[in-house]
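Number of protein chains: 4
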Amino acid sequence: MSTVDVAVAYHSGYGHTAKVAEALARGVTLGGKKAVLIDVSAITEAQWLELDAAKAIVFGAPTYMGGASAQFKQFADASSKRWFTQAWKDKFAGGFTCSLSMSGDKYSTLMYFVTLAMQHSMVWIGTGMLPSAIPGAADQMNRIGSSIGVMAQADNVPAEQSPPKGDLDTAQAYGERIARRID
Amino acid sequence: MSTVDVAVAYHSGYGHTAKVAEALARGVTLGGKKAVLIDVSAITEAQWLELDAAKAIVFGAPTYMGGASAQFKQFADASSKRWFTQAWKDKFAGGFTCSLSMSGDKYSTLMYFVTLAMQHSMVWIGTGMLPSAIPGAADQMNRIGSSIGVMAQADNVPAEQSPPKGDLDTAQAYGERIARRID
Amino acid sequence: MSTVDVAVAYHSGYGHTAKVAEALARGVTLGGKKAVLIDVSAITEAQWLELDAAKAIVFGAPTYMGGASAQFKQFADASSKRWFTQAWKDKFAGGFTCSLSMSGDKYSTLMYFVTLAMQHSMVWIGTGMLPSAIPGAADQMNRIGSSIGVMAQADNVPAEQSPPKGDLDTAQAYGERIARRID
Amino acid sequence: MSTVDVAVAYHSGYGHTAKVAEALARGVTLGGKKAVLIDVSAITEAQWLELDAAKAIVFGAPTYMGGASAQFKQFADASSKRWFTQAWKDKFAGGFTCSLSMSGDKYSTLMYFVTLAMQHSMVWIGTGMLPSAIPGAADQMNRIGSSIGVMAQADNVPAEQSPPKGDLDTAQAYGERIARRID
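Chains as they are written, first to last, in this note's numbering: chain A, 400 to 582; chain B, 400 to 582; chain C, 400 to 582; chain D, 400 to 582.
It is worth saying that the hints were derived from the structure and are not from the lab. Hints may contain errors.
Intra- or inter-copy, both count: the list cannot distinguish identical chains.
Cut-off 25 Å, straight-line C-alpha distance, at most; resulting in silico cross-link-like pairs (SDA-like, lysine to any residue) [claimed, not checked]:
(1) 480 <-> 533
(2) 480 <-> 413
(3) 480 <-> 528
(4) 488 <-> 529
(5) 488 <-> 580
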């Protein structure tokens, strides 16, 4: 297993959250670090070991019915094995979520990620970004105005078309921020 | 003191949240009930008695630095006198908030209002509205996609110009919903 | 299908949360209403119809890794079918959770239940109880000090022995409160 | 102004939260770093500069009516001046709270601190501690079971007598953890 700096542990229902995960991973690369994408709904034992080896783990999931998807929660519950031994202690953590509406209780999902990270004794890094001066505009960074992690909004169209550039740029910048922090 | 059905207990820093409060009060009237607006940053003893007499209390405040404004919190802390005797037990409760960005941690403020209401043993009514099909569009009801209470977004312009029609319509519909529920 | 007043929709990993569910159902009966217990990890189509028919739905789950168990979340996600048509609109809602420690992020689980209920346009009833004057004492009602819903604490022993009397009494009183409210 | 490593920015109503602040500061010293205690309800311009100079800021407040005290929130709102320029960006942050009951919505206060810290683009460190094996026992570390920050419980007696040893030890260990992290 080669060295992993940032593991992006995500679930995506229809591909929109996966786009955010990929943008974040690109940012990690831009920041000079190695990223790995792990789909937690089909996680392998080798991938659990990649998580164990990473310096940072970024959690990602769609917000379904006001919280992280059940597929992500299944992964979170399975991480209790790592929690018992505090195997992820002192790693950095971050998070992102995606849903159809602007707010749509995305804060609830991000706060869940923080709570999960804190149980693992990880250290949380937010987006480090001020809100966009043009709220909601599709090409603006942090157009939704979140600081805990990335909030992306996707329309009910194929993932190639949405979430918009602004949200993906936000995720990329966040990935770069995390990469630079783990120096 | 005449009978009050719904008391809107709000603080507004620059007038934008006050516009939401007024729209909500109009909705209460449309629902056939009597509303009273109470600016909690200058609350009088007579107004505390109006709160005590109301069938529903709707909490409102701008989201400042990720939570309800300190002026609102001062009122919430002062309400501990009512909490000791559970004077507001079984009243209905609701809430709304306003800030510059789309999300901007508005969920945090609304969840605080729920927490406050629960300590008072009140019963919480949300907006009862699906998110807008056109996320963010200024003329759409529930364009931000909130169900716990109303999330309004105001630009840094005079309160006459913002928050937009969609947010005020949302508040009005919420006021009407609360009014009809307390029959 | 006979009439159901209160449906207790819960998941229990090792039986401790089930004890809380049963105590709550007893309270509903004491309040003169009919309760039904539904294990959401094995929910049938007939039970979905019972939820649709109920006047109140009380959500219950253990707090695992800082949130409701994945089994519960799977049920919550599946309830999106009801959300689309707002089939549960205006029903009453409540919630309870159980975990090994006193706080253990139980608030996170209860707030998730509130968020879920609000997306369904339900109306939330909390415990309506002041905190115990003797914090933590095993035989005291509301010994943990929660108002949003019931927080129970169970030791790592069989469910017959834990959670203690105080927590079960709290759940029972909460069930009775909900029953009386839906008159 | 001498160098400050960790600034403890707290408000205390009756002295109990101040005891937690002092224990945390002792831990910072044990960790080989310099701590300063700042009562935010009477903060001076010189103290704002100490916050600006610190490598970590730990927020502390009693939980009143389900959230951080209004006195703390006033400080948080005043910190918006630092937020505009992101003056605290990349500093470490942590938090603690104290109230009469075991849970008493303390999670709400801690999550507010996280939200505030994220708006300031700070990096959050939790307690890094597993819950006590004897939940609630007065002499146990992390007896309440919190990982985001310290939850302390104080009885309605003078601050010399409560919160108990376990809570103060928890705060001290947390201070030491923060001190070692900022190396």
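Status of each hint after checking the structure:
Only between protomers do residue 480 and residue 533 lie at most 25 Å apart by alpha-carbon distance; the minimum there is 21 Å, versus 44 Å within a single protomer. For a Cα distance limit of 25 Å, the shortest separation of residue 480 from residue 413 across copies, 17 Å, qualifies, whereas the shortest one inside one copy, 29 Å, does not. With identical chains, the CA atoms of residue 480 and residue 528 are at most 25 Å apart between copies only, with a shortest distance of 16 Å across copies and 34 Å within one. Only between protomers do residue 488 and residue 529 lie at most 25 Å apart by alpha-carbon distance; the minimum there is 11 Å, versus 29 Å within a single protomer.
For the identical chains of this complex, residue 488 and residue 580 are neighbours both inside a copy (17 Å) and across copies (12 Å), given an alpha-carbon limit of 25 Å.
Comparing the model with each numbered hint stated earlier shows that all of them hold.
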